[in-house]
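Asks: Sequence:
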Amino acid sequence: MKLDPVVSAVPPAPEGGVWPLVIVGCGAAGMLAGIFAGRRGVRTLLLETRPRPGAKIRVSGGGRCNVLPSVSTLDDFHTEGSRNALKNLLASWPLTKVREFFESELGVALKVEDTGKVFPVSDDAGEVLDALLSELAHVGATVVGGVRAEELQTLENAADGARFELSLTGGSVLRARSVVLATGGLSLPKTGSDGWGFGVAHKLGHSVLRRYPALVPLETKHSRWHDLAGISLPVRLSAHKGDKLLATRTGDLLFTHKGFSGPVVLDMSRFITGPGNEDVTLVAGFGGRGFEEWDTLLRQGGTRTVLLCLREHLPRRLVSTLVEVAHVDPERKLAELPREERRRLVQTLGSCPLPIDGDEGYRTAEVTGGGVALEEVSTKTLESRRIPGLFFCGEILDVTGRIGGFNFLWSWISGRRVGESV
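By our numbering, the letter at position 244 of the sequence shown is numbered 244, and the numbering carries on one by one without gaps.
A few of these clues could be false.
[Unchecked claim] Calculated lysine-lysine pairs in the DSBU-like style (CA-CA distance at most 35 Å, straight line):
1) K203 / K221
2) K117 / K190
3) K111 / K87
4) K380 / K87
5) K203 / K190
6) K117 / K221
7) K244 / K117
8) K117 / K97
9) K258 / K333
Simulated from the structure, these hints should not be mistaken for lab results.
Please construct the entire structure, taking both the sequences and the accompanying hints into account.
Replies: See below:
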């Protein structure tokens, strides 16, 4: 039988008037923290701004919830902080064990798709969310929906043992021995994310590294690319900073009315939106081919025209745009193409700089980069090194994963780490 821990009003505090643990935010990380704290017998209260928790879980993966990746390495995550600290945190709950948790303990059957992404067999994000909420209820945790935290203050030498006072909208006040900030970031504000936790962390003395939209579509002002809206194709996308190659990914690119999207663009977007990346260029090899592969293919074109040859490999509208960018006559036979025109065409096909002028921002970004610096939390417990009893987990920390379930993996791992430590 499914259990539901969600109520609409804050229940009376335990005897003594102090909650042992209050978790602000009932997303992926907050729920895992609540589950594992509850399993240890810690009386736990979770606060959620929306009437029902888990909005990001419901909308992720097109409503199917990309629970996990099938394979994970340290290189799938980014932080401005210690890579070694991040490595140790990720190793604290191996991917195989995380999957066992969902399948064996929560009863959610999972499948691996050809993309390497792990989804519930039911293709229903609601099943994942219901299983998490049911487990929260099973361990005795309470979730209050539709309540907003306004201010968090620290207490010293309180007679009742409280270390924190949390003010809520409407004037009510909670006292707690430990508080977890699992408030997420700024991305997808329609799901309830507003960045409140960043301000609280900063006010309490923590360094909050510059936030930026990650896994976000990119924009261009050049209308010739807007005219390709709706076209999707595989590309090899590389990030370059001067002469240095930063990364290369292969995947589908989608042209939009604003610019560029699709899995490979989202995956590489942090090289544009992240700090210190003002002079980074994204270079596309269309059709998944690079410069040398296109050069070889065109040399075999013989008496066919540029247009006929390229239409065998690329969408018609894209071909028209690319020959225009390369300043090449599409009706010219490949065998008669002058060396300089061939070079320009091959360059455009296999190593084309995308003219990027911005991004779509947090409204469509899947995650938030930056956040509370890892150096300021214990890597064993994720407790603040500055304020005893204050913990962080999930997107509020300076850890960002690639597309494909990696950010959920970080939320599950960090939430569990806190729940077992608080």
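Asks: Taking the hints in turn, state whether each one holds.
Replies: A quick look at each hint next to the structure:
Simply put, K203 and K221 have alpha-carbon atoms about 38 Å apart, too far for the 35 Å limit, and the pair is violated. A distance of roughly 25 Å separates the Cα atoms of K117 and K190; the hinted pair therefore holds under the 35 Å criterion. In summary, the hint linking K111 to K87 is supported, as the alpha carbons are separated by about 26 Å, within the 35 Å threshold. With a CA separation close to 12 Å, the supplied pair K380 and K87 stays within the 35 Å bound.
Distance check on the hinted pair: K203 and K190 sit about 25 Å apart at the alpha-carbon level, within 35 Å; holds. Restraint check: the Cα-Cα separation between K117 and K221 comes to about 33 Å, which is no more than 35 Å; the hinted pair holds. Of the pairs offered as hints, the one joining K244 and K117 holds, with about 30 Å between alpha carbons and a cut-off of 35 Å not exceeded. Restraint check: the Cα-Cα separation between K117 and K97 comes to about 16 Å, which is no more than 35 Å; the hinted pair holds.
With a C-alpha separation of about 34 Å, the suggested pairing of K258 with K333 holds against the 35 Å cut-off.
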